Amino acid sequence: MREMFTKSMARNIYYGGSLFFILLFLALTFDTHRAWPERDNRQAITEQVAEGKRLWEENNCIGCHTLLGEGAYFAPELGNAYKRFGENKEALKIFIRTRPVDGIPGRRSMPQFNFTEAQLDALAEFLKYVSGINTENWPPNVQG
Amino acid sequence: MEYQTQAIARPYFIAAIGLFVGQVIFGLIMGLQYVIGDFLFPEIPFNIARMVHTNLLIVWLLFGFMGAAYYLVPEESGRELHAPWLARLMFWVFLLAGALTVIGYLAMPYARLAELTGNHIFPTMGREFLEQPTITKVGIVVVALAFLYSIGMTVLSGRKTVINTVLLTGLVGLALMFLFAFYNPDNLAKDKYYWWWVVHLWVEGVWELILAAILAFVLIKTTGVDREVIEKWVYVIVAMVLISGLIGTGHHYYWIGVPAYWQWWGSIFSALEPIPFFLMTLFAFNTINRRRRDHPNKATVLWAMGTAVMAFLGAGVWGFMHTLAPVNYYTHGTQLTAAHGHMAFYGAYAMVVMTIISYAIPILRGQEAKSNRMQVMEMWSFWLMTVSMVFITLFLTGAGIVQTYLQRYTDAPQTFMVVQEKVALFYWMREVSGLVFLFGLILFIASFWPERVRQEQPLEPQTA
Ligand code: HEM
Ligand code: HEM
Ligand SMILES: [Fe+2]
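In the order they appear, the protein sequences are chains X and D.
One gets the working numbering by counting positions in the first sequence from 1 and adding 1 to each.
One gets the working numbering by counting positions in the second sequence from 1 and adding 409 to each.
Once the Cα atoms are required to be at most 25 angstroms apart in a straight line, the calculated DSS-like pairs of lysine-lysine come out as:
1) Lys129/X with Lys94/X
2) Lys569/D with Lys8/X
3) Lys8/X with Lys630/D
4) Lys84/X with Lys129/X
5) Lys84/X with Lys599/D
6) Lys630/D with Lys569/D
7) Lys599/D with Lys129/X
Restraint-style ranges between C-beta atoms, simulated for each label pair:
8) Pro101/X with Ala855/D: 36 to 46 angstroms
9) Glu39/X with Ser566/D: 50 to 60 angstroms
10) Leu844/D with Pro106/X: 22 to 32 angstroms
11) Ile851/D with Gly17/X: 39 to 49 angstroms
12) Phe31/X with Leu509/D: 31 to 41 angstroms
13) Asp600/D with Glu88/X: 16 to 26 angstroms
14) Phe96/X with Tyr603/D: 27 to 37 angstroms
15) Ile105/X with Gly427/D: 30 to 40 angstroms
16) Ile105/X with Val726/D: 34 to 44 angstroms
17) Gly527/D with Ile105/X: 33 to 43 angstroms
18) Phe694/D with Pro106/X: 47 to 57 angstroms
19) Glu452/D with Pro141/X: 30 to 40 angstroms
20) Phe96/X with Asp600/D: 21 to 31 angstroms
21) Trp673/D with Gly17/X: 20 to 30 angstroms
Note that these hints are calculated values from the structure, not bench results.
Note that the structure is predicted; figures quoted are calculated from it, not measured.
Built from N, CA and C at the ideal position, the CB exists for glycine as well.
Using the sequences and the hints, build the whole thing.
And the structure:
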């Protein structure tokens, strides 16, 4: 970096470049909002799904699992759990309901949350809704 | 120390390192749970340990950044800190809020904590890294505003150096982006889209400005190289950060229900993200080679060089490895992500905080540098931590490659749990490296313990 490239040129690139890319990012965000309705499975978001999302959050499921590939890597991906369980909500509910309180000896264990039937329904509905989001065919196969 | 108020940095640094120890201990607990699945179950389930691990990380880095700002802003501005009482008060507020939150995580089921803190009124909890109760999040905003007030007033009424402006921009950005933590729509795609405005735009955006400013400050002080030259470098680095990193957010938008064009935008721009990290490495080595003085604090110079190299490796190289959409399709959310997350956070942010601590603590004690013996100990801690973090990263990378292949790539994919058992050996080795890391960290603390008899003096005579 010799004299031809001065500090004030560098500063202008910093301010100009940042401003330009902030605006571009906002424009892309705007377009994403426009495109969302066909992709984000919003028609499936019912009261029950919203309740399921709240339960998902308030029990910190993301602290062990990934959801659409984001979260923790300790336990199976759940974005496609509904599909892995043969699109069977009842099977999902049974799995969550039957976790032993003291865990499974030697095996990574999932807590027993003592959910009510209605709460289990909400969680299963939430997982069903997530599996309907257009993820560009991710994950590559049903194992997640 | 030129200004009395710089001393406010000291408790911030001490708290940072204390919390760092806690973070690593919980990392080691999780590391064991990875291989002995029911370890501490159900007392400390994995998710709780993870929250403590990652939240302590963020909080101690924030303590580190605040300490760094309180130390360097008065010196750069050429005046005492504005409203020092506020800075002293906020230290205790932040520490208390942090401690209460961690106690809350450990003392009761998370759902109970959510209930107690009224999460249903304003739900923000239960998302990765943003697990804190809403009330804690409000506390963080209050602390950030008070901090920005003190620092902002000092900068605005003092000498405006490039380091100060870039640092302040980074800190304001940090506070601003955090506000998206309060946005939590029922629509998962939207939730995720804006969640990354906090997480990505922090570590690959505004935090990099803070990183560049702290590094530049330490380099000026330890090498005596002309400010003009350094400032030009800083501008070029931060320009590249934002030019690549803003649209680079797209590398998290491949598979979460947003338009497919993000695969192009994200791949292309995030492929440029290693450039600012590479420039930082060039900058550090260039400056040190052209030094006008040999600063007696050799350990600090080692930390500064180490930060530049490890940030490039962890963020630049390990980030690039999985950033292109066709690769990320297979590696998304595997141990490769964890490998990258560890080396990047350590190499860039943990190390830059240790760099400024290494530089500032002796000066806050009225010495220019520690005794030779203590510096040697500190350099040992540098190598122990850094080399064990390289090994942690390599073992997780090994686990990640095998996982990706067996679970995602082969014609006969196996289930998650089966694959995890097959890579257990990597996790055991990661745990052993983690123990070495903890030992290195303890040595770091020991090297700052006040010496009882100070026979030795700093190596070189002092030059101004
Ligand atoms: C030294 C011993 C350490 C061990 C054994 C350890 C272990 C772990 C484990 C098991 C996880 C959870 C991974 C998962 O979700 O399944 C984790 C997450 C994480 N740790 Fe550590 N850790 C250690 C040190 C550190 C250090 C020093 C840093 C940074 C300075 C760090 C930063 C992180 C980050 C950022 C995450 C979240 C990663 C992600 O979401 O991809 N850890 N750690
Ligand atoms: C110091 C800077 C950086 C830090 C601290 C950092 C940290 C992290 C962390 C913690 C995650 C995991 C997030 C989660 O839990 O979901 C992550 C993900 C990711 N990072 Fe970085 N990163 C940095 C820079 C970079 C750079 C420069 C690149 C690209 C060249 C990059 C590419 C990625 C990608 C592609 C992912 C997503 C991985 C996945 O699909 O699972 N990162 N980063
Ligand atoms: Fe990113």
